[in-house]
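Residue numbers (numbering that gives the first Met the number 0), protein chains in the order written: chain A, 0 to 306; chain B, 0 to 306; chain C, 0 to 306.
Be aware that a few hints might be false.
Which copy is meant is left open, so a pair is good if it fits within one copy or across any two.
Straight-line distance between alpha carbons at most 30 Å, and here's what the computed DSS-like set of lysine-lysine pairs gives [unchecked claim]: (1) Lys113 / Lys248; (2) Lys143 / Lys113; (3) Lys113 / Lys227; (4) Lys283 / Lys38; (5) Lys304 / Lys38; (6) Lys158 / Lys283; (7) Lys113 / Lys247; (8) Lys103 / Lys227.
Hints were generated in silico from the structure; no laboratory data involved.
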Amino acid sequence: MRHLLNPLDFSVEEIDDLLALARDIEQNLPQYAHVCDGKKLATLFYEPSTRTRLSFEAAMLNLGGNVLGFSSANSSSAAKGESVADTIRMISCYSDICAMRHPKEGAAFVAAQKAQIPVINAGDGGHQHPTQTLTDLMTIRSMKGRLDNLTIGLCGDLKFGRTVHSLINAMVRYPNIKFILISPPELRIPDNIREDVLTANNVEFEEVGNLDEAIGKLDILYMTRVQKERFFNEEDYIRLKDCYILDKKKMKLAKEDMYVLHPLPRVNEISVEVDDDPRAAYFKQAQYGVYVRMALIMRLLEVEKPC
Amino acid sequence: MRHLLNPLDFSVEEIDDLLALARDIEQNLPQYAHVCDGKKLATLFYEPSTRTRLSFEAAMLNLGGNVLGFSSANSSSAAKGESVADTIRMISCYSDICAMRHPKEGAAFVAAQKAQIPVINAGDGGHQHPTQTLTDLMTIRSMKGRLDNLTIGLCGDLKFGRTVHSLINAMVRYPNIKFILISPPELRIPDNIREDVLTANNVEFEEVGNLDEAIGKLDILYMTRVQKERFFNEEDYIRLKDCYILDKKKMKLAKEDMYVLHPLPRVNEISVEVDDDPRAAYFKQAQYGVYVRMALIMRLLEVEKPC
Amino acid sequence: MRHLLNPLDFSVEEIDDLLALARDIEQNLPQYAHVCDGKKLATLFYEPSTRTRLSFEAAMLNLGGNVLGFSSANSSSAAKGESVADTIRMISCYSDICAMRHPKEGAAFVAAQKAQIPVINAGDGGHQHPTQTLTDLMTIRSMKGRLDNLTIGLCGDLKFGRTVHSLINAMVRYPNIKFILISPPELRIPDNIREDVLTANNVEFEEVGNLDEAIGKLDILYMTRVQKERFFNEEDYIRLKDCYILDKKKMKLAKEDMYVLHPLPRVNEISVEVDDDPRAAYFKQAQYGVYVRMALIMRLLEVEKPC
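So that you can see chain A by itself, here it is in the shape it has in the complex:
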């Protein structure tokens, strides 16, 4: 039995295979309408995340399966002191696969050890969020036609941004990737990513403080939200949050085929005037997220592609 706990749990070949399935789902959606008939997905959200939860639910419903679960910890047995290990044993009796979101790092790993069903990590604290990474990979491949030979700009909160760290980890496995890391000094990428991932893999990168200078060189611009909850004081948040706002003026400096991604939700780091630019790919990303989760559920449940 396989789980998905970390974006690197799957080899490059397995990811290629999964993205090919997701692509086929996108193109032949109605053919997949019953491949998971009678299967149940449990969504165990110990902290709310509407976007991720609904994306999983839409994915399972699209496959003909059903969904049960909870959307916040206060409506779960956790409030009565039950351990994650006990909860997952119970959930194994109620469903065929589960997606778990938990504020504590490692919660999904603990669950997977006791689970009798496949566990998908739908985010564990600031740690991992592998289905977001799969979504990002599918979006990049769909927009650019490839996952190699790309210059990727990562902009905003590179210190705490979980999705950014995961994306770097996933992309360094492809040939000829270059990163441009765009952030204020306070929110630069952590040392362990810089050294253990980028330098150790001989991946080219530069760190800059200015989006205007960098944007013209990029094939992909990955914007991130500057999350209020990551800051110790209000002042720092207000000073920094608006520094890296993408607007029409900046988009004029970018290549014609540079696509903008964002894990969403955004607050104001991408001006709404950019939404209608054909290079804005962040809403398409939400759609790809459904297809890639459909493919993932099928793989983990070992459901065959319909013929």
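Since chain A is already given, all that's left is putting chains B and C on it; use the hints.
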């Protein structure tokens, strides 16, 4: 693509057509069990409303479709600062149609501008709640056999009662409707409804302060809840809330074929002793609400009536 | 129309019949995948109980039906002052059967009087929780092959433990049952159970304060959680909660075919080192809970066993 944001978005002919479909659904329910197979309804409830939400869910399940969504804002991305416009773009990737309840007036209108799926306004602040109005119209037509030539009493909180304002707006489009407006002076109907809707359309109406005097003349009595949250102080609420309570004694003064409607939930404005009176139509109303929402979902999804 | 409000609502024969159906479901699950197609279960949880709610939802989905409802009172109409009687009338329009959890004793009884659909009591305060009792009975019968001629140990909070009281009431109807009641003096079984149920039915029992002495005589050991919310002060809770912890050492004193049950969630009253003991039946219990609820839903909806 059509939305339903305001009860007047549909013409009288379109409403007649919708109510005819709802009537057919009532009479041939099993025939509709699969007309929305594979379709998904998103219920986006930024404020809780169990009744409305479950009515929509029952409607979609009765049609063979599925449901996903959230039941309060604190379990939604809104808590992370996402705009309604962004949320609806995401939801457009996850579902085929949505019903939105929001505390702010106009929220559903904003959503409809960005949505790639039909949006049903399931209540936006004190503004509109069009499916309640459709439910009321279906109930009146089912009980009385017509939507014209009626004397309709509206009783209780006519100042803040959103459903009452919508019903007046909807009914003035039918011939020979007379209203009797029964309320304490503090909760009389607003000037804009009195002048711009009733007077402007040459609709006969009278304003009275006493339910006993008026009840004998009515074909329909529409009771409303006096909502605590509309009052600035506790005293005013207590003084007024019990003034307009319908009981068995008052029902004796009414015609044999006068039906009582109420948008529910009630608190104590209708005594439970009235519940078994055959003229009490307020629980039937809940059932009609499911049928009319089934018809609405079919129309907006352009699903054909089964043959 | 039948409801299930109290574990004794069903005769011994009816329970035998229900458990036989549950057993058949366990052995032939796929045959039951469509027996409730088109039916809707409403889960009305006025207080959160993830375990019970998800067990009902899994049961209904396994039968091909659908689910709607709410998981806590603050997202229900109760917050607007609606009575349970009015809510159940509304719910009768939206669903075919309902499971209700409510903090007030007797709430499900009130609901059943006004309901036009079968009502299952999914817990009303400290009063009744009949589907837990059915689950316990199925587990005992599955593990031991019988419901008579058993020595049953009940351990922990016997004063407030609703599940323990219900299990005693249910088991005294079978021949040759003996109870050993293991608790601290403060949490002994209430007088009315001791006298009106045990003594009145001539059922053999002993009350002891020490799990070590009793465990060797038992066929079934039913452990319970010592719930913090039952205590008036923190000190009493801390002093008592760890007194009756089952661990490997104690399990060595037990028979080879003594099975351990627990209604779950546990906190620490069963050490996790016991989980891998083949006599630990408390996770299997969760699975039996789904089968017995499937059987119950079928019976109350008068759905026939597939042939």
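How the hints compare with the structure:
1. For the identical chains of this complex, Lys113 and Lys248 are inter-copy neighbours only, at 23 Å across copies versus 52 Å inside a copy, given an alpha-carbon limit of 30 Å.
2. For a Cα distance limit of 30 Å, the shortest separation of Lys143 from Lys113 across copies, 26 Å, qualifies, whereas the shortest one inside one copy, 40 Å, does not.
3. Only between protomers do Lys113 and Lys227 lie at most 30 Å apart by alpha-carbon distance; the minimum there is 27 Å, versus 35 Å within a single protomer.
4. Proximity of Lys283 and Lys38 under a CA criterion of 30 Å is satisfied in both settings, with 27 Å inside one chain copy and 20 Å between copies.
5. With identical chains, the CA atoms of Lys304 and Lys38 are at most 30 Å apart both within one copy (15 Å) and between copies (21 Å).
6. Within a single copy, Lys158 and Lys283 get their C-alpha atoms as close as 26 Å, which meets the 30 Å cut-off; across copies the closest is 45 Å, which misses it.
7. In the homo-oligomer, the alpha carbons of Lys113 and Lys247 lie at most 30 Å apart only across protomers (19 Å), although the nearest pairing inside one protomer, at 50 Å, exceeds that limit.
8. In this homomeric assembly, Lys103 and Lys227 come within 30 Å of each other (Cα to Cα) both inside a single copy, at 19 Å, and across copies, at 24 Å.
Checked against the numbered hints above, the structure violates none of them.
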